[in-house]
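Colleague: Respectively, the protein sequence lines represent chains L and B. Numbering follows this note's numbering, in which position 185 of the first sequence is assigned residue number 185; successive positions increment by one, without gaps. Take the position in the second sequence, starting the count at 1, then add 1000; the result is the number in this note's numbering.
Keep in mind that the hints were calculated from the coordinates and are not lab data. Note that this is a predicted model, so its numbers are computed, not measured. A virtual CB, placed ideally from N, CA and C, is assigned to each residue, including glycine. Don't take every hint at face value.
Pulled from the structure, derived: some chain L residues nowhere near chain B, Cβ distances all over 12 Å [stated by the list, open to error]:
1) 12
2) 13
3) 54
4) 97
5) 104
6) 126
7) 133
8) 139
9) 162
10) 164
11) 168
12) 174
13) 175
14) 182
15) 185
16) 204
Across the chosen pairs, the derived CB separations fall in these ranges [stated by the list, open to error]:
17) L:104 <-> B:1041: 22 to 32 Å
18) B:1066 <-> L:107: 33 to 43 Å
19) L:132 <-> B:1099: 49 to 59 Å
The chain contents come next:
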Amino acid sequence: MTRLTRALGTVFAVLVGLFLIAPVAVTVASSLTTTSYVTFPPQGITLRWYAEVFGKPEFLSSFVLSAGVALAAAAISAVVGLAGGLAIHRYRFPGRGALEAVLSSAFAVPTIVLGIGLLQWFAQMGLASSPLTLLLAHLVLTVPYAVRLVLAGLAGLDRSAEKAAAGLGAPPFLVFWHVTLPAVRGALVGGAFFAFITSFDDLTVALFVVTTDLQTLPVRIFNYMQYDYDPTVTAIGTLMVLFAVVAVVVIERFVGVARLFGADTDHK
Amino acid sequence: MKTRTTRQEGERSMSTSTTEMAADPSARRGRLRLDGVRKVLGGKEVVSAVDLETEPGEFLTLLGPSGCGKTTTLNMVAGHLSADGGVIEVDGTDVTGTPPHRRSMGMVFQSYALFPHMTIADNVAFGLRMRKVPAAARRRQVEEVLEMAGLEGMAGRHPRQLSGGQQQRAALARALVIQPDLLLLDEPFSNLDAQLRVRLREEVVALQRRIGTTTILVTHDQEEALAVSDRIAVMADGVIHQLDRPREIYLRPATDFVAQFIGEVNALDGTATGGDTCEVAGARVGATPVGDPPAPGACVRVYVRPEVVRVQTGGDGLTGTVRETRFLGSRIRCVVATGAGDVTAALPFDARVPAEGEEVTCAWRPSDASLATR
């Protein structure tokens, strides 16, 4: 590689980085403006809009709702993903092919279509809008991811290792605990992580499911922006970014984000 | 990976020093008995009525092509597959319905099957942990068995940091540390390159002889089977065709399948004349009957290996004309056209080489050939 191509490569990488980071930077910067409208670059520096956020209890309750539903979606996706992945990978049962097809095609359904469908469906079933319906809606989005990830994890597991463990005296549960589970641990954490982000970020599906009393944070922001486009929304945006950064750091600490995405980091 | 395997193998091999692992021969256990064991998979009977009995401390090989039922049989012995019929006994105890974790069998797989997230020491200690061996004793035994497997200093590594040969040694150590009744080896050398395969297999045999654990090896490699086994069971289509010592399996095959599967063979059709003789193309030849001697007049087939055929002028035997001779380095291949078809002889390097077209007699010792009814 010549020096020129290397330099061009570096420039390209920097540009891509800037392109990705710019919107976030603009949001963060403009949340500090002293003007009462969103502007970039910010004029002056103030934390007033953050005070505004904390002065509006509806934002806090929306955050609690969003985070709660996202946590539940993450936990349930991991468990259902594990069970579903194991079932599809291990057993031949009637409807297995159909189940797998449905789980794969779920990715292809536009979320707005899903939202309309769920709206109809919940109405037909007489399910009133509640955190539970929201959670069910999000699980439709997140479970297929989790199952896919678990299937990928299981594909990398040598069944002989399970036989070896059994032969060494491990009853079925301990085989699962010591051999199977570690093989899909990354997939489970990854599935849960994706589920959390998907649920926490979702606007499209939530718009159809929520009511005025029950609004997730993205819906709250969306509605707020339609009437008041002041820097409060950019302040909330910044807080959400901060929240995400903390989450990534915590996961990095315990699992390693690179491993979540399947990178092989074990070559020491 | 392959190249790394050879390079990293290092100088260490399995230690031959005596350790606590060496069993007292009088206390030897591990008598496996299969009685009419069957298995049906996907509507097809893949193992049909297999009978087998090992001596304690024996090294027995199940040899056959893929799909012959040898691995299925091994998995039934280990308990990973349930038998659809028959009885599996270990030292007189019926284990047919016993789940694998309650059978005391160490198993080694072609893929090594080490636990990737555990260190080598933790892998080896796994069976001891399941047996609730206290930590101190566990550490001592792991250290001991790792030394025996030539893996000193590898305890803290992860499986993927080891070469293929080292991984298989670790798998062997893991299987042996629990002092199993039976050691089950499922194509354990197949993933290794040729040189390492031979070396590791010699080490395994030496180790097995020393600690005296009854061992069942599954392989499709006939040379490997001949080299390591006390006895070989040749399997095809779910049945054992012949169960005997390597020399008998090679020199006196019982069926067409055994004869063809292992090496090259001359199969000559003839008529029994009683005892260990028969008539082939007008000549009287000798061969050892498989089972009871066939009645005079019965249609028989003589199996004789090229290596045992002598090509001479005159004397008793099957006469014919030399059709071709080929120098093959270690042997000289000589094809003689006889009344019973071509007979191939692999003559020793220093034998007199007959000229092509020469009239010769093919002869062999009756004990070096087999006689089967057809």
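Colleague: With reference to the structure, classify each hint as holding or not holding.
Modeller: We went through each hint and held it up to the structure:
no.: 1; hint: 12; in the structure: holds, 34 Å
no.: 2; hint: 13; in the structure: holds, 30 Å
no.: 3; hint: 54; in the structure: holds, 44 Å
no.: 4; hint: 97; in the structure: holds, 18 Å
no.: 5; hint: 104; in the structure: holds, 26 Å
no.: 6; hint: 126; in the structure: holds, 47 Å
no.: 7; hint: 133; in the structure: holds, 39 Å
no.: 8; hint: 139; in the structure: holds, 29 Å
no.: 9; hint: 162; in the structure: violated, 8 Å
no.: 10; hint: 164; in the structure: violated, 4 Å
no.: 11; hint: 168; in the structure: violated, 4 Å
no.: 12; hint: 174; in the structure: violated, 7 Å
no.: 13; hint: 175; in the structure: violated, 8 Å
no.: 14; hint: 182; in the structure: violated, 4 Å
no.: 15; hint: 185; in the structure: violated, 8 Å
no.: 16; hint: 204; in the structure: holds, 39 Å
no.: 17; hint: L:104 <-> B:1041: 22 to 32 Å; in the structure: holds, 29 Å
no.: 18; hint: B:1066 <-> L:107: 33 to 43 Å; in the structure: holds, 38 Å
no.: 19; hint: L:132 <-> B:1099: 49 to 59 Å; in the structure: violated, 41 Å
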